[in-house]
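Engineer: Join these two chains into a complex; the hints should help.
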Amino acid sequence: MAKPKLALYWAASCGGCEIAVLDIHEKILDVAAAFDIVFWPCAMDFKYHDVRAMEDKSIDLCLFNGSIRNSEGAEIAHMLRAKSKVLVAFGSCALEGGIPGLANLTTKEDICRVVYKDTPSTVTQNGGVYPQTHSKMKEGSIEIPELWETVKSLDQVIDVEYYVPGCPPQPEQIWAVIEHIISGKPLPPKGSILGATDKTCCDECPRDRKEKKIKQFFRPFEIQTDPNECLLDQGIVCMGPATRSGCGALCTKANVPCRGCYGPPPHVVDQGAKMVSALSSVIDAVEPEEIERILDQIADPMGTFYRFSLAHSILRRVEKA
Amino acid sequence: MVTINIDGKTVEVLEDTTILKAAEQAGVWIPTMCHSEYFEPYGVCRLCSVEVVRGKRSRIVTACNYPVRGGMTVHTNSEKVKWLRKIIMELMVSRWPNVKVVKEIAERLGVEKPRFASLERDEAENACILCGMCVNMCNDVVKAGVLGFAHSGIKREVVLPFDERSDQCIVCGACAHVCPTGHIKVVFEDYRGKKPEFTLGPKTPIYVPTLQAVPRVPVIDAESCIHFKTDGCENCAKVCEPNAIDYDMKDEIVEVDVGQILIATGFDLFDASAMAQYGYGRLDNVYSSLEFESILNSTGPTGGNIVMKNGKEPRAVGIIHCIGSRDINHHAYCSRVCCMYALKFAHLVRDRTKAAIYQFYIDMRAFGKGYEEFYTRLLDEGVTMIRGKAAEIVEGAWNENGDPSLKIRCEDTLIGKFREIPVDMVVLCNAMEPRKDSDTIRRLFSISKSPDGFFLERHPKLDPTSTATDGVYIAGCSQGPKDIPDTVAQASSASARILSLISKGEVEIEPVRAMVQDEFCSGCKICNNMCPYGAIEFVEEKKISHVNEALCKGCGTCVAACPSSAMTGHGFTDEQILAELDGLLI
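Sequence order for the protein chains is A and B. Sequential numbering of the first sequence, starting at 1, is according to the numbering used here. Sequential numbering of the second sequence, starting at 1, is according to the numbering used here.
So that you can see chain B by itself, here it is in the shape it has in the complex (with noise of 0.2 Å):
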């Protein structure tokens, strides 16, 4: 540590330490125009120069670089000093009279008028300033080296490598992060200069997935994090005190050992955009219900204020239930939970915002303790319930102020009456359906599926988490559409199920089983895809098949598809039911 003074003021610093940094410890203000905490000094703009006083010697130096040494002292507001930043900031003003960041710093350094007149003045308030920043950025940080600076003097200016779009810019967006003057805009195009599509992500690439996530730990996104790409970057990793931050981690398969089994793997939701009347995806501000439920999220892209693309609160929202459930066309069984999710967004709204708020509904399903008053009670907050579907909704102008805005087509049946209602928001409460591959796993674990997609209970009223694999349990809305409280209460009931059999240590199971015969089975591999109960496993170093007899039924499938006959089912073997057979014919 050594001891520095600076106006005056005594600080103890780091030896080594920049006497821009000391200085901002010691709290006095040093104008800067280049540095960012982001990389290296880099000491172009000069604008931090500070008068260093050692001994009998002073001498001009720029403070974001200079490292301090023991019994140094430094004037940042001598006249030499002021002198001199003057003219670099009347040099700046005479070139860019309307950037706002020179603007400022001009003002508190007191230069009003410069005295000069710029060959090159640039006008705009967003003008180039070449402080180097997206530069240095673009080169240190992020490590794509896109950027860099032609020619020189004033002619110098920031560009691409030839002028052209260049494949190695990943559009991270850190220059225009930088870029103290808004010049550099990030367009969002593909080569084609097509719009990407409108997505809410995580807000950044590394971030904590849900405030509910457990263990409750952040997850960096590869697809979108800079290191990944170019492998620069690392910010997070410099801040992170305890060093927890290991960008070699990598997704890992884990073989796990059990003996039963719960399968929540949850749903997917109905895409809206197979509805083509309603708009999504092609109309701005119409949500699915999980977009708005991220709107809504206090941690969520818009920190929780409900807001339309243009940044402006709406006027009034459309919130239509059914959207792709009770519709032959699409689910014809009822998603259950959009109603009160309904309710629930409407209260929200009228919450937060002055929004009018309209339901559109087909009838109202408040089935649950304490639901039916909910509604109730949004009934008397104001919210406008009409009973029919959307028919559709187009785009409208708001006559007010000419704002583009959204109108929904709806006959209402309560009235009997076409109506047209304007609406700047609209949230469609899309059906809930099976997860796309869920198939894949209902083979996996040899479970069935009912007609609408979901997997099956084996008995809807007195069974409604085990299925027919022994040890395979099923909750959540892997099964079926359902609320919170019905998905605890399933799944609390497979879990006792569960812990019930372990806490016994033994299953039970029938006498009735196939087998192999292992002198007779040649490995023809025809049983080892059919067993409905995933029950016949291939010894790869007899190369026969072997039936696991905790998990066959003794269905007999196999038994009648063995073509050699080495497969028999105990107590129903080719010569007992012969056998019986003659019994009857004689």
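If we strip away everything but chain A, and leave its shape as in the complex, we get (with noise of 0.2 Å):
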């Protein structure tokens, strides 16, 4: 019997999952034992037109990571979803946009005049010119992706089955999914998420928390943290309790807040919606200009609350140009 095929790709992403699925180690081995690996750029040289001449559905795993952003990007994704069987959002770009997706923060306009014509060591020609899909040349013509105006999570562009959040995903979670599906059981229901649990970062967190009363915020320079005692209770913004479990706290556990790359606990529609009125609940201020100063003291509010999910939130982006 022929070894069930796996493809691997990133789209708009860091790089940080392929790597994150080397960290498995010596189990890389039992993955390359287990599968037939089909596609998967970043290690291996196979071209597009080989995956594209395959029957549909032939390729039985396909782990997906980075979000989608670009005309590259997306015709991959129609593709290597035509192609396989399951199709796995895979890690946090792909999950809810990730990093990249904060460039919904701006348009594209405004992104390609600080790259191409702003930025002090450029030095534009002819005004600036952008990079333009289509140029023709004496050798014959050059076509480039197009970039989006908006980027997308993975789930908003094609239908996925599962999703494995994380930025990276840790390698215990990987290898526990792909160790699921290499054993043949019985497969958990679409759209579930996998390698992470149902309650927050706090439940793995070992530090003590007290009810929250919070008079002042701190960047995590500004104090000197008590490594026992909840960041948050010390006024460091942490997005643990607005954040799936499943890395096991590494942040926190290494005194640093939690970024929330594991994205929104099961209920939650929008993580950083919801942390932001978690925070607003417990400062501990009476008068508005109080408050309002308590509040100033958040350095980059977006950045900071909607860091992996703007482009999968409620809000998704800022008005387009």
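It should be emphasised that the hints constitute simulated quantities derived from the structure, not laboratory data. In this text, all values refer to a predicted model and were calculated from it rather than measured experimentally. Be careful, since some hints might not be right.
Computed from the model, here is a short list of chain A residues facing chain B with C-beta under 7 Å [said to hold, decoys possible]: (1) Cys202; (2) Glu211; (3) Lys215; (4) Val268; (5) Val282; (6) Ala285.
All C-beta atoms, glycine included, are put in the ideal place defined by N, C-alpha and C.
Structural biologist: See the structure below:
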């Protein structure tokens, strides 16, 4: 019997998820033994036309990381969707837009202007030229993918069977997912989130929590934190309470506040909004000016509360140009 | 029991009783100078010397420490005894000719002019006669061990260690209390020589808090009780026949499970020293209303006599209304009870003294049953009513005899004139204000306060006894200034409300409640502090939060705050609300 086929792909991502796959160490040999890897641009030399030539639904498992923000990502997503039996949105970017999703705070026009014109290191010629999708040269014509106005999560572009959160997903969790598929056990219902639990980061965090009353917010470098006390109790904005657990509270164990990469817990629709609502409920002040002053201490609210989830949130993006 | 004969009288006393006590029982006077019931006989003055005859032998002994024996005959007035006492008293009179107690005993013993001249003659009326009572008191009873004798012979004197102020002295005043000549005086000052503030505390460290106290038993004020400073004294335990005094009793915190709570924490009195113009705390004989109430009390510090600090009766008393109330600088509200108790004060001052009485009022609020009649009666009693708030109180001399007195400056608005009224004593009618810790109580029970700071009732007209928290009721001045009839009425109403629920046995609650879905709660403790009804508790074993459904009102504050959406509102879940929105928006 032929081995099941495995495909891995990266769209708009940093490559961390690919490295996370390799972080399962020697178990990668078990993956190679169990699967026939048919597509993995990061690690092996396959061409798009190789995949295009395959029959529909011939790939048993596809781990797709990265958000979709240009025509190439979308094209490959649609192609892999057609060829795969099980397609997994792998990592925070695929799940909810991730860090690239913060580009939705601005417009394509602004991004291009900064990158191709305004940066001091850029020498502009002819008033600056933006990348063109089609350009003709004497050797022939060149076509490059088109940058989209809006960054999208994978499930906003194609249908997805499962989700594995994390930036990147933790190696143990990746292995647990792969192992489950290798073992041939019945698959969970469609739309399930794999490699994470139903509780929040606080569940795994070993710090002592008190009843919250916040009089002042700090950035991590501003104070010496107590390693045993809840970071939020100490005034550091920690996304832990509004973030799904599964990572093992890696960040808070390292004295760093949770960034929220595992996404919202099961019943939360909008992770950032939920955290804002929670924090504003525990501000210990009565006067409006005092509340304003305390809230002003939170640096970069959008980047803090929507660091990973903006593209998939209710807000989605700023108004289009 | 043994039978003895004292000066021809036969008495039956317990064996080992001292002759002095036996003589007391027999009604025979024996002079003493160094003896006190408080401590063991000292036997140093020798004045109690008596002649004891047993069989054919006769000898002189000191009555204060000599135990009786069966068949003993005592002569307290024999020639030998008289001769001895006379010499002792002659020696004392020669040294301390002007001390009252020495003169009295000398007179009683027939000593007129001493035959001796003392080398250390002390003419002072309050000279130290070296009886040693203070030393014994300090060492044996108080157990502070501060006082002692130094030197010997005619140079003998009572001293403090190294002749310096001692940290061991607890300033109990027991030495001054027993000193028969008044040589020892207690000067109340701290180490900087500053006088302590004059306060009207309990008369003794063991006292019954009020005549109305329930149960009516005495309590010990550990702050001022000698026993708690030196482990000594215990005089109260010695005289208590049922042995009810227990020095080891401690304040204890008792936890009681209850279904309903009535808060009646009362009020604090406005501190009039915040209004410097009235000189409270600065000028003598300016009292707050509660202090004056204490002075009027027959079990109070003056036994109900209205006297000034110098012990004299005041010639005129000024009573000033609205101190801190009806005043936008302090409390805007009317304190309600002051007009009537001010009239009561006036009535009692009129009843007990000959003092002239002046009432300084803004307007007279005699609103209750029988109050207006009382006001009219007071006017007939000759109380001078001055409409106008007193401007200030200054020290001023009352010209008659130069005694220091006070002057109240005010505008009499009825005659449109500025007036200065000389008085000896001023009573300020301080506002009632919320207890200083009322905010703590408020948070404990999750109830609100009105702008004046008193606890807020659920509805000012329709529900003046219950609060926003079910099962928590308020009564009395914790809800607002009120007099005794109003307090009784409100407290009765609250009790009736409580009883009606107890007799019903069960309580119906609204179905809209918040609920924690245990499988999604991670115990971040964001919700625990915010519930206005105190319904959210933290389950330590499971490390998750739990909603007490009997307390929850379904307001949804916690549902909005829960960052993991583990908290949901019955009937208002996110899914239901989103479905409703979907239905509306399509």
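Engineer: Now tell me if each hint is right for this structure.
Structural biologist: Hint check results:
1. Cys202: 4 Å, holds
2. Glu211: 4 Å, holds
3. Lys215: 13 Å, violated
4. Val268: 5 Å, holds
5. Val282: 6 Å, holds
6. Ala285: 13 Å, violated
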